[in-house]
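*Asks:* Build the full structure now, drawing on both the sequences and the hints.
This is what each chain is made of:
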Amino acid sequence: DIQMTQSPPSLSASVGDTVTLTCRASQNISPYLNWYQQKPGKAPALLIYKTSSLQNGVPSRFSGSGSGTDFTLTITSLQPEDFQTYFCQQSHSTPYTFGQGTKVDIK
Amino acid sequence: QVQLQASGPGLVEPSQTLSLTCSVSGGSITGGASYWSWIRQYPGKGLEWIGYINYRGNTYFNPSLKSRVTISRDTSNSHFSLKLTSVTAADTAVYYCTRDYNGLYFDFWGQGILVTVSS
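Protein sequence lines, in the order shown, are assigned to chains A and B. Okay, so the first sequence: first residue is 3 according to our numbering, each after it adds one. Okay, so the second sequence: first residue is -13 according to our numbering, each after it adds one.
For the record, the hints were derived by calculation from the structure and aren't laboratory data. Take the hints with a grain of salt, since some may be wrong.
[What the hints assert, rightly or not] Using 25 Å as the maximum straight-line C-alpha spacing, the simulated BS3-like pairs for lysine-lysine come out as follows:
hint : chain 1 : residue 1 : chain 2 : residue 2
1    : A       : Lys109    : A       : Lys52
2    : A       : Lys44     : B       : Lys31
3    : A       : Lys41     : A       : Lys109
4    : A       : Lys52     : B       : Lys31
5    : B       : Lys52     : B       : Lys69
6    : A       : Lys52     : A       : Lys105
7    : B       : Lys31     : A       : Lys105
8    : A       : Lys109    : B       : Lys52
9    : B       : Lys52     : B       : Lys31
10   : A       : Lys41     : B       : Lys31
11   : A       : Lys109    : A       : Lys44
12   : B       : Lys52     : A       : Lys41
[Claimed, not checked] Not the full set, but computed from the structure, chain A residues with beta-carbon under 8 Å of chain B:
hint : residue
13   : Asn36
14   : Lys41
15   : Ala45
16   : Pro46
17   : Leu48
18   : Tyr51
19   : Ser54
20   : Gln57
21   : Ser62
22   : Phe64
23   : Ser93
24   : Pro97
25   : Phe100
26   : Gly103
Here a beta-carbon is modelled for each residue, glycine too, at the ideal position from N, C-alpha and C.
*Replies:* In structure tokens, the structure reads:
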């Protein structure tokens, strides 16, 4: 199985900050890396697919980049609704696997 | 807009079979490029992909669960189902049904159903 490692597990930030979340795969998965946002008590929601494509309806302050084994999700100008948990997921090969998540909370 | 709604018992006894159904609306489960997956999320928040059934009716399961999992579909009623046999407390999780677009990403999710394995 491909192992997905997210860092940091949590981070504290303020409204208006720019934050970068990292996801590392145990082998080359480019470009099959997706990002999801999860709100408490809700299902994860797709933000970015295939490394850098923004899902319909997702604000442009979210962006993704990376290649090979290293990928990032950047949120510019954090808004109050962005303080959630974020997961990466690889779709390069089955079994699909997820990172353990990064929780973004308010400083 | 595809909508998914999972249903089934919230409590299953150890060694029994967990059975869930996902009703799909706004899209066809036989439509091209559509894969229909089950994913579970443990109380500690980790996510595990269980398996899928695709638009052709082909299935693929996570090898870690393969011996215990069945995914089937009812095309006339637009739903697909999960059966997980011989459950233990380790199978306690929130179970989500999702659409997997062409094996690339999970773009639509059901609301999730908490299944607790306990006597």
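*Asks:* Compare the structure with each hint and give your call.
*Replies:* How the hints compare with the structure:
1. A:Lys109 x A:Lys52: violated, 31 Å
2. A:Lys44 x B:Lys31: Judged against 25 Å, a Cα distance of about 12 Å means the pair holds.
3. A:Lys41 x A:Lys109: holds, 18 Å
4. A:Lys52 x B:Lys31: Roughly 23 Å separates the two Cα atoms, so the pair holds.
5. B:Lys52 x B:Lys69: Measuring from Cα to Cα gives roughly 11 Å; hence the hint holds.
6. A:Lys52 x A:Lys105: holds, 22 Å
7. B:Lys31 x A:Lys105: Status holds; Cα separation ~11 Å.
8. A:Lys109 x B:Lys52: Outside the cut-off at roughly 43 Å; violated.
9. B:Lys52 x B:Lys31: holds, 22 Å
10. A:Lys41 x B:Lys31: holds, 12 Å
11. A:Lys109 x A:Lys44: holds, 23 Å
12. B:Lys52 x A:Lys41: violated, 30 Å
13. Asn36: With a minimum Cβ separation of about 5 Å from chain B (threshold 8 Å), the hint on A:Asn36 holds.
14. Lys41: Violated. Min distance 12 Å.
15. Ala45: Constraint on A:Ala45 satisfied, holds at 4 Å.
16. Pro46: holds, 6 Å
17. Leu48: Holds, because the Cβ-Cβ distance from A:Leu48 to chain B comes to roughly 5 Å (cut-off 8 Å).
18. Tyr51: holds, 4 Å
19. Ser54: A:Ser54 check fails; min Cβ-Cβ to chain B is 13 Å, beyond 8 Å.
20. Gln57: holds, 7 Å
21. Ser62: Result: violated, 19 Å to nearest chain B Cβ.
22. Phe64: violated, 15 Å
23. Ser93: At 5 Å from the nearest chain B Cβ, A:Ser93 passes the 8 Å test, so the hint holds.
24. Pro97: Result: holds, 4 Å to nearest chain B Cβ.
25. Phe100: Hint holds; A:Phe100 Cβ to chain B Cβ min 4 Å, cut 8 Å.
26. Gly103: holds, 6 Å
The structure fails hints 1, 8, 12, 14, 19, 21 and 22 (numbered hints given earlier, in ascending order).
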